[in-house]
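Quick note, the sequences are listed as chains A and B, same order. Count the first sequence with this note's numbering and you get residues 1 to 450, in order. Count the second sequence with this note's numbering and you get residues 451 to 626, in order.
Simulated from the structure, these hints should not be mistaken for laboratory data. None of the hints are false.
Simulated crosslink set (EDC-like; lysine to aspartate or glutamate; CA at most 20 Å straight-line): (1) B/LYS480 to A/GLU442; (2) B/LYS477 to A/GLU442; (3) B/LYS480 to B/ASP502; (4) A/LYS407 to A/ASP423; (5) B/LYS536 to B/ASP571; (6) B/LYS480 to A/ASP435; (7) B/LYS536 to B/GLU581; (8) A/LYS408 to A/ASP423; (9) B/LYS477 to B/ASP502; (10) B/LYS477 to A/ASP435; (11) A/LYS425 to A/GLU375.
Chain B is nowhere near these chain A residues, computed Cβ spacing over 10 Å in every case: (12) LEU2; (13) GLY32; (14) ARG33; (15) ALA51; (16) THR99; (17) ASN120; (18) LEU122; (19) VAL130; (20) THR244; (21) GLU349; (22) LYS407; (23) ALA427.
Heads up, the beta-carbon is just placed ideally off N, CA and C, and yes, glycines get one too.
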Amino acid sequence: MLGEFLAQTPTGVAETLETVAAFDEALTHGFGRLSEARQAALTGLAGAFGATPLGERLAEAAAKIVAGSPGDDHVAALAGGRSAALGAVHDALLTGLDTALGRDRAQWEPSPAPDAAGENLLSGVRTWLVELAVAGWRGVTEDLVSSADPLIEGLLAEPGRRRLAVLLDGFAAELRASSPLLTLPQLPVRRWADLWSRAMLLAQPGLPAHAAGQPVSGRFLPLGVDLHEHPTALQAQVHGVLETGGAARLVRVSVSAAKVDTITGAAVWRLLRGHTQLLAALAERRSLDLTGMTLLGSGDLIWDEAHATAGGPADPFATARVQLRQASAAPVPPLERHPVRLAEPVFLEAYQFAADGPLTVDTDRISAASPITAELAASASAMIGLLRWDAGRWLVQPLAVETTVKKKPVAVHSGDWAMGPSDPKAAKAEAAAGDAVGVLRERAGRLLRK
Amino acid sequence: MPPAESPELDWEARSAAVVVPPARPRKLAKVPFVELAEGRLQGVVSSGSDIDRVYVSQFTAGDHTLSCSTNNNRPCGGLYGDYTCKHLDLLIDEAAVQFGAARVARYLRIEAEGTILHGTDLVRMTTWRVERSSAAGVFARFLRHLSYLELPGTAEPLPELHWFPATQLPSAKAVS
Chain A
1 MLGEFLAQTP
11 TGVAETLETV
21 AAFDEALTHG
31 FGRLSEARQA
41 ALTGLAGAFG
51 ATPLGERLAE
61 AAAKIVAGSP
71 GDDHVAALAG
81 GRSAALGAVH
91 DALLTGLDTA
101 LGRDRAQWEP
111 SPAPDAAGEN
121 LLSGVRTWLV
131 ELAVAGWRGV
141 TEDLVSSADP
151 LIEGLLAEPG
161 RRRLAVLLDG
171 FAAELRASSP
181 LLTLPQLPVR
191 RWADLWSRAM
201 LLAQPGLPAH
211 AAGQPVSGRF
221 LPLGVDLHEH
231 PTALQAQVHG
241 VLETGGAARL
251 VRVSVSAAKV
261 DTITGAAVWR
271 LLRGHTQLLA
281 ALAERRSLDL
291 TGMTLLGSGD
301 LIWDEAHATA
311 GGPADPFATA
321 RVQLRQASAA
331 PVPPLERHPV
341 RLAEPVFLEA
351 YQFAADGPLT
361 VDTDRISAAS
371 PITAELAASA
381 SAMIGLLRWD
391 AGRWLVQPLA
401 VETTVKKKPV
411 AVHSGDWAMG
421 PSDPKAAKAE
431 AAAGDAVGVL
441 RERAGRLLRK
Chain B
451 MPPAESPELD
461 WEARSAAVVV
471 PPARPRKLAK
481 VPFVELAEGR
491 LQGVVSSGSD
501 IDRVYVSQFT
511 AGDHTLSCST
521 NNNRPCGGLY
531 GDYTCKHLDL
541 LIDEAAVQFG
551 AARVARYLRI
561 EAEGTILHGT
571 DLVRMTTWRV
581 ERSSAAGVFA
591 RFLRHLSYLE
601 LPGTAEPLPE
611 LHWFPATQLP
621 SAKAVS
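Same shape as in the complex, but just chain A (with noise of 0.2 Å):
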């Protein structure tokens, strides 16, 4: 049944892709300079949510930024039509990949009231996301990038923006990593019209805060580590199953880190020391008891180690045979809903991710900071994987492989290199570069004495 899911597309994703693609062509070239097709994709976008409460606010937004003279909240209107269309397209793929998988989600409850920290740098934020799109991708200067830097700075600084500042951080290392602009042969225009709509959503004021949160105790089971890394930032997270009280629920741990761009591979894990246990448990394969734990109404639980002991042996393997197939989801927060989230952990049988099959493996996703390598996803006998989907397809990333080696069987898991890589070239490797945090502090002392 899920193969047979997996090798369609649901009803109306190719036509709302579509309408998206179309907006994208007309936000690399410019609102600025709109040819007639592109001033229709526009109208198109908005003629999309004619029919809902969204239509009359984007029909104005798109009639005055084709009249050449938009406002911040016209361009914002646009961007959060892109994304209530790329909401939907995730929820039709994760609804019908629910069914398939037999996977019961909760509702979700609203969420409490917003931060107002730091509101006075988001307008300065949504002024340069503006200027972005009326330059078009190709239009955009170093000097324009540039001038994100003191907002991005000064989010940095506001504990409660740090999605927002982590985003337009990355965002911002990518068109200057592209520089110039102007003569790139090719441009990830869906990717960049993404991280654009994203942060224009998280810009605006009023915003809701996370969702919320209720202790809970239990054991946490490990299931795999989804590693996600730009040059400035680090992001572990645990996708395991929490029993709690004969209920099996599906939760994730996330813990982040800052970082710059020279470390990377298997030394990033020395920037999550401070969660000890629960590298630990990822790297010997144990469970967690947990006491009293934040757990977000998103199946988000906030990692704090004071509430974590260690617990026995848990192959992971075992979990994703026995524990998966009957463990609830948590509701993707609204904000949330694009299908780059979809990340859902499966058990799969070597035939479901056969070259020739519907489901592939997803190499981009595979970390130089874990012993999994192409080669032996594609060689696994068994998987644990998050089904991921991007352009218009479905992909795993594998979490953990179970394959032959030297005609012995082994199991390898993301998370394996958590305290450190026990493969011995890597580790030499990890020992060279990992000390980098060291020597930077060191040379800007010297700097600082003068």
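Chain A is already provided as a structure; the job is to place chain B on it using the hints.
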């Protein structure tokens, strides 16, 4: 068994397209900081003879000028005529390791041809002239760079990072 081919994905249509590959690991002692920014390849280079001294070295994109001075703006004695000093050589070599020579060449707008083994190969592919510029800006950017290491982490989810998968350099891992 050979690895399966990567799925044929349309890069322009990918939300998670890899735009900036991760930096290649390198030793930081000699060149603790290198960046492609402000229209320059610029960075901080440790002095080979004096542990207390660092140089700020710069290659300008487009008009191809060179600058090298100590952090308190004393000009580097090794930089004269149209030739790079050893600090500039070290900087561009390390830049080619970290970013890949192709990206350095593109950023500096050097028409690179053939195989480039070292950053210094790029130096020979165009003509340069010395134009001293201030070290203060680069120094400030290095300090800002370091300030990331002092930022506290968080245990609250950052869902936007799903757009930024931790990946690897092509062929970074040997087949075992």
